[in-house]
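Number of protein chains: 2
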Amino acid sequence: MIRPPDSCSVPTFVVVGGDAAGMSAASKAKRDDPDLDVVVFEQGEWVSYGACGLPYYIKGEIDSLEDLVSVTPEEFRQERDIDLRTGHEVVDIDPSKRVVTARSDDGAVRQEYDHLLVATGAEAITPPIDGVDHTGVYTLGSMSDGKDLRDYVGRARADGNLQQPDRGPACQFLETCTGPVGIVGGGYIGIEMAEALAANGFEVHLFQRGDRILKQFSEATSETVLDHLADRDVAVYLGAEVETLAGDDRVEAVVTDDVRVPVEMVLVGTGVRPRTALAEDAGVQLGETGAIATDTYRETNLPDVYAAGDCAETEHVVTGEPAYVPLALTANRHGRAIGQTVAGEPTEGGGTAGTAAVKAFEMEAARTGVLNHEEARAVGFEPMTETIEAKSRAGYYPEGGTVQVTLTVDRPSGRVLGGSLVSEYGEGAVYRSHALVGAVTEGITVDELSNYDLAYAPPFNTTWDPVLTAAKVVESER
Amino acid sequence: MIRPPDSCSVPTFVVVGGDAAGMSAASKAKRDDPDLDVVVFEQGEWVSYGACGLPYYIKGEIDSLEDLVSVTPEEFRQERDIDLRTGHEVVDIDPSKRVVTARSDDGAVRQEYDHLLVATGAEAITPPIDGVDHTGVYTLGSMSDGKDLRDYVGRARADGNLQQPDRGPACQFLETCTGPVGIVGGGYIGIEMAEALAANGFEVHLFQRGDRILKQFSEATSETVLDHLADRDVAVYLGAEVETLAGDDRVEAVVTDDVRVPVEMVLVGTGVRPRTALAEDAGVQLGETGAIATDTYRETNLPDVYAAGDCAETEHVVTGEPAYVPLALTANRHGRAIGQTVAGEPTEGGGTAGTAAVKAFEMEAARTGVLNHEEARAVGFEPMTETIEAKSRAGYYPEGGTVQVTLTVDRPSGRVLGGSLVSEYGEGAVYRSHALVGAVTEGITVDELSNYDLAYAPPFNTTWDPVLTAAKVVESER
Numbered sequence: 033m034i035r036p037p038d039s040c041s042v043p044t045f046v047v048v049g050g051d052a053a054g055m056s057a058a059s060k061a062k063r064d065d066p067d068l069d070v071v072v073f074e075q076g077e078w079v080s081y082g083a084c085g086l087p088y089y090i091k092g093e094i095d096s097l098e099d100l101v102s103v104t105p106e107e108f109r110q111e112r113d114i115d116l117r118t119g120h121e122v123v124d125i126d127p128s129k130r131v132v133t134a135r136s137d138d139g140a141v142r143q144e145y146d147h148l149l150v151a152t153g154a155e156a157i158t159p160p161i162d163g164v165d166h167t168g169v170y171t172l173g174s175m176s177d178g179k180d181l182r183d184y185v186g187r188a189r190a191d192g193n194l195q196q197p198d199r200g201p202a203c204q205f206l207e208t209c210t211g212p213v214g215i216v217g218g219g220y221i222g223i224e225m226a227e228a229l230a231a232n233g234f235e236v237h238l239f240q241r242g243d244r245i246l247k248q249f250s251e252a253t254s255e256t257v258l259d260h261l262a263d264r265d266v267a268v269y270l271g272a273e274v275e276t277l278a279g280d281d282r283v284e285a286v287v288t289d290d291v292r293v294p295v296e297m298v299l300v301g302t303g304v305r306p307r308t309a310l311a312e313d314a315g316v317q318l319g320e321t322g323a324i325a326t327d328t329y330r331e332t333n334l335p336d337v338y339a340a341g342d343c344a345e346t347e348h349v350v351t352g353e354p355a356y357v358p359l360a361l362t363a364n365r366h367g368r369a370i371g372q373t374v375a376g377e378p379t380e381g382g383g384t385a386g387t388a389a390v391k392a393f394e395m396e397a398a399r400t401g402v403l404n405h406e407e408a409r410a411v412g413f414e415p416m417t418e419t420i421e422a423k424s425r426a427g428y429y430p431e432g433g434t435v436q437v438t439l440t441v442d443r444p445s446g447r448v449l450g451g452s453l454v455s456e457y458g459e460g461a462v463y464r465s466h467a468l469v470g471a472v473t474e475g476i477t478v479d480e481l482s483n484y485d486l487a488y489a490p491p492f493n494t495t496w497d498p499v500l501t502a503a504k505v506v507e508s509e510r
Numbered sequence: 033m034i035r036p037p038d039s040c041s042v043p044t045f046v047v048v049g050g051d052a053a054g055m056s057a058a059s060k061a062k063r064d065d066p067d068l069d070v071v072v073f074e075q076g077e078w079v080s081y082g083a084c085g086l087p088y089y090i091k092g093e094i095d096s097l098e099d100l101v102s103v104t105p106e107e108f109r110q111e112r113d114i115d116l117r118t119g120h121e122v123v124d125i126d127p128s129k130r131v132v133t134a135r136s137d138d139g140a141v142r143q144e145y146d147h148l149l150v151a152t153g154a155e156a157i158t159p160p161i162d163g164v165d166h167t168g169v170y171t172l173g174s175m176s177d178g179k180d181l182r183d184y185v186g187r188a189r190a191d192g193n194l195q196q197p198d199r200g201p202a203c204q205f206l207e208t209c210t211g212p213v214g215i216v217g218g219g220y221i222g223i224e225m226a227e228a229l230a231a232n233g234f235e236v237h238l239f240q241r242g243d244r245i246l247k248q249f250s251e252a253t254s255e256t257v258l259d260h261l262a263d264r265d266v267a268v269y270l271g272a273e274v275e276t277l278a279g280d281d282r283v284e285a286v287v288t289d290d291v292r293v294p295v296e297m298v299l300v301g302t303g304v305r306p307r308t309a310l311a312e313d314a315g316v317q318l319g320e321t322g323a324i325a326t327d328t329y330r331e332t333n334l335p336d337v338y339a340a341g342d343c344a345e346t347e348h349v350v351t352g353e354p355a356y357v358p359l360a361l362t363a364n365r366h367g368r369a370i371g372q373t374v375a376g377e378p379t380e381g382g383g384t385a386g387t388a389a390v391k392a393f394e395m396e397a398a399r400t401g402v403l404n405h406e407e408a409r410a411v412g413f414e415p416m417t418e419t420i421e422a423k424s425r426a427g428y429y430p431e432g433g434t435v436q437v438t439l440t441v442d443r444p445s446g447r448v449l450g451g452s453l454v455s456e457y458g459e460g461a462v463y464r465s466h467a468l469v470g471a472v473t474e475g476i477t478v479d480e481l482s483n484y485d486l487a488y489a490p491p492f493n494t495t496w497d498p499v500l501t502a503a504k505v506v507e508s509e510r
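So the protein lines, in turn, are chains X and R.
Using the working numbering, read the first sequence as starting at 33 and increasing by one per residue.
Using the working numbering, read the second sequence as starting at 33 and increasing by one per residue.
Don't read these hints as lab results, they were simulated from the structure.
Hints are supplied without guarantee of correctness; some may be wrong.
It does not matter which identical chain is used: a pair holds within one copy or between any two.
[Stated by the list, open to error] Derived pair list, reagent style SDA-like, types lysine to any residue, alpha-carbon separation capped at 25 Å:
| no. | residue 1 | residue 2 |
| --- | --- | --- |
| 1 | Lys129 | Leu310 |
| 2 | Lys504 | Val42 |
| 3 | Lys504 | Val101 |
| 4 | Lys504 | Glu331 |
| 5 | Lys504 | Gly279 |
| 6 | Lys247 | Arg307 |
| 7 | Lys91 | Tyr269 |
| 8 | Lys423 | Phe393 |
| 9 | Lys129 | Tyr269 |
| 10 | Lys423 | Gly458 |
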């Protein structure tokens with residue numbers, strides 16, 4: 033057999049993990065350099081899935097899990113010419129030999145690499161609560177978690193609970209009612225799942241350890257969403273340290289130091305942690321956040337070994353400090369940048385502004401930048417925070433509601449450090465936050481922001497968009 | 033009578049014109065320096081009115097003209113302590129003596145000033161068309177124009193036209209139908225009035241001289257809105273030079289070189305021109321746009337004489353060149369800045385990005401910056417333009433539509449020069465444009481924009497917001 037000389041051998045890009053970061057990198061690398069061999073190992077059967085859509089699948093607004101998949105494994109293989117191996121768990125990385133070892137039902141395979149991307153994602157944190165292993169306790173991290181939860185909802189609605197139409201306040205909205213369930217954690221997942229479960233007639237009890245829900249948002253935003261949850265008959269317990277999920281085999285009650293709430297199911301949504309064991313074993317360094325440290329090209333301390341997505345930290349555009357913000361856009365963006373780098377065009381892909389959005393029943397909220405004063409002071413800012421409320425559209429326009437805008441700025445310089453917005457769903461809190469992302473990224477002042485020529489017409493805002501009104505108010509008060 | 037010595041005399045701020053710029057300046061000056069005497073002359077009876085709301089008043093979505101007034105004359109006088117004189121037309125400015133002369137039904141008054149603001153606004157252009165003075169021909173510039181048009185709509189719906197339910201295609205949507213009317217001009221006013229009239233059952237014929245409607249927007253946006261107007265049974269005639277509005281006393285037809293369309297009413301919406309005669313007579317210099325020239329503090333060539341709002345030009349944040357963009361936000365912003373300056377804190381108030389938004393039936397569109405290649409080349413850019421279409425929300429999310437984004441960038445540097453967006457109403461084209469306003473204002477590149485950490489959640493966008501997708505595409509193609 034004639035082999036091409038070494039200098040002509042085709043380089044191989046190996047990706048560990050087939051979700052947002054991994055498949056973005058694989059696709060981009062192959063598209064930009066079709067000569068590259070691209071091999072992806074994914075331990076599960078699903079790739080490139082929209083985990084962010086799981087609450088809406090459980091809610092019943094999306095028909096099947098397959099709908100969450102943007103590109104199927106077959107499409108990656110056939111149309112994008114990517115050697116995608118599902119059901120393969122990478123168990124070892126040997127950076128000295130540039131080889132990974134993966135295990136599948138068919139045994140172990142060794143794969144050489146020239147470039148390697150670790151995109152192993154994150155896993156749901158299971159807090160050390162008594163009874164967390166009981167039947168009827170769920171987390172929501174993976175597609176199969178989503179399927180389990182949807183199955184539960186379907187069973188609960190179909191079974192005897194239907195005979196009890198007055199189990200709780202949420203039930204007045206539905207002909208049938210299922211009842212009470214507990215949610216541990218008041219972050220995105222907790223809030224989105226409260227909506228999904230209440231929409232199915234469950235009486236929802238949400239337990240939050242801290243003194244407010246959505247703690248990454250401003251206090252004002254948290255308060256506004258909290259009021260809305262109350263309007264929707266979600267029982268929220270703040271400062272509630274869950275001690276026990278009581279029951280024998282099956283969970284029967286959530287127990288805190290204050291209350292014991294009977295439940296038939298519990299969802300634990302207390303955050304995620306980066307999956308780093310594989311990389312650590314190979315000598316990849318973690319950063320101070322506990323996620324994998326990289327440079328601005330997402331390269332780890334090991335040459336040609338990259339990390340991106342929910343397993344890696346990145347730099348914050350406001351503080352310049354490492355930050356762990358495991359969200360989908362950064363994973364996609366960094367994956368794409370790595371793909372481009374591997375294909376020969378070194379690309380940074382940018383840091384994170386910590387931007388996030390959430391729909392909570394009939395409200396929407398977004399946040400960006402730095403809102404936490406301690407975090408701001410740690411890098412030398414003198415933060416101040418103001419919140420305003422303004423009409424979402426011209427006062428005389430027949431539609432409309434209220435947008436609440438919180439801005440945090442550095443008092444001496446006026447630099448915009450962060451923002452948090454909340455409005456009725458459809459009144460634009462999330463899209464309007466687009467104005468603030470640029471502001472925090474570019475480091476502009478609140479005075480400059482107040483002079484921005486933002487779009488105005490009566491169906492969309494008052495002459496001064498709420499974002500501008502907030503900027504004017506903060507500027508006049510600092 | 034004992035008079036205070038000159039150094040203690042109270043300075044007087046005189047404002048000519050009581051709409052957005054004038055009343056913003058008056059209010060801000062008085063609030064920041066309550067010792068200031070603030071005198072406003074307004075020739076009409078209405079002040080601080082939302083002329084942008086007139087189409088929705090005519091449409092019938094707003095009950096009364098009073099609803100468009102944000103602050104009433106009595107409130108300005110009583111609560112804000114502003115000497116507001118409605119029904120007073122300023123007929124002379126004598127800058128050497130610092131005196132203005134105003135006429136009212138009670139005769140002439142002379143008023144000294146220390147600071148003067150010319151905020152005389154703009155007037156609707158009546159093009160030189162035969163028959164433009166016929167009964168049944170309207171323009172929409174003032175509150176009384178709005179009242180006249182609403183009265184017309186009411187009369188037309190109440191009179192014999194009700195007996196003719198099949199006058200045109202628009203009629204299928206209403207039980208009763210009135211019919212055919214002509215609109216000359218395909219800008220904001222023309223489009224908004226098409227919606228207002230069609231909603232009332234009129235068969236609408238819209239005549240546009242140029243080869244597309246909404247010519248300040250991108251060609252792609254124009255095309256998309258045009259298609260939507262067709263869906264809504266608005267007959268649009270492009271490249272239609274209206275020669276005659278035929279009829280004896282009352283208008284009976286719109287006549288171009290190609291067609292003669294019978295109509296019962298015509299609205300002429302062919303733009304506005306700045307009202308500058310008063311200022312010119314006083315020696316105030318106009319700029320190259322034909323509007324009053326000012327420095328960045330909105331001061332004219334005459335000391336302590338300011339100009340703002342629809343009578344004045346301003347600098348464009350992208351080109352640095354003078355621009356005449358008579359829209360509400362700039363008027364408010366510059367009025368406020370002048371008020372602050374007059375009260376002792378010199379304030380610039382920023383230029384214009386030429387941002388604008390419009391609702392057209394069930395679509396929404398926004399534009400910002402420089403889209404016109406000629407204009408871009410005139411200041412040394414090498415413009416290129418790309419348009420993309422993307423889903424407005426996650427593909428699997430039950431709601432959603434399409435957002436079309438056009439970006440114009442400087443090819444060598446990648447700098448974002450302008451953008452234009454269009455979507456179904458509620459799908460966020462207008463609010464999403466907020467991201468681009470910062471981009472064009474700060475002069476960032478399309479590559480930097482593509483790395484922005486914009487908010488994402490499935491109910492609001494795909495992981496890459498359409499704005500980011502557009503930036504990626506342009507960056508890859510330049």
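Okay, the hints, checked on the actual structure:
no.	hint	verdict
1	Lys129 to Leu310	within (16 Å within a copy, 83 Å between copies)
2	Lys504 to Val42	neither (58 Å within a copy, 28 Å between copies)
3	Lys504 to Val101	between (44 Å within a copy, 22 Å between copies)
4	Lys504 to Glu331	between (42 Å within a copy, 22 Å between copies)
5	Lys504 to Gly279	neither (55 Å within a copy, 53 Å between copies)
6	Lys247 to Arg307	within (23 Å within a copy, 53 Å between copies)
7	Lys91 to Tyr269	within (23 Å within a copy, 48 Å between copies)
8	Lys423 to Phe393	both (20 Å within a copy, 22 Å between copies)
9	Lys129 to Tyr269	neither (53 Å within a copy, 71 Å between copies)
10	Lys423 to Gly458	both (13 Å within a copy, 16 Å between copies)
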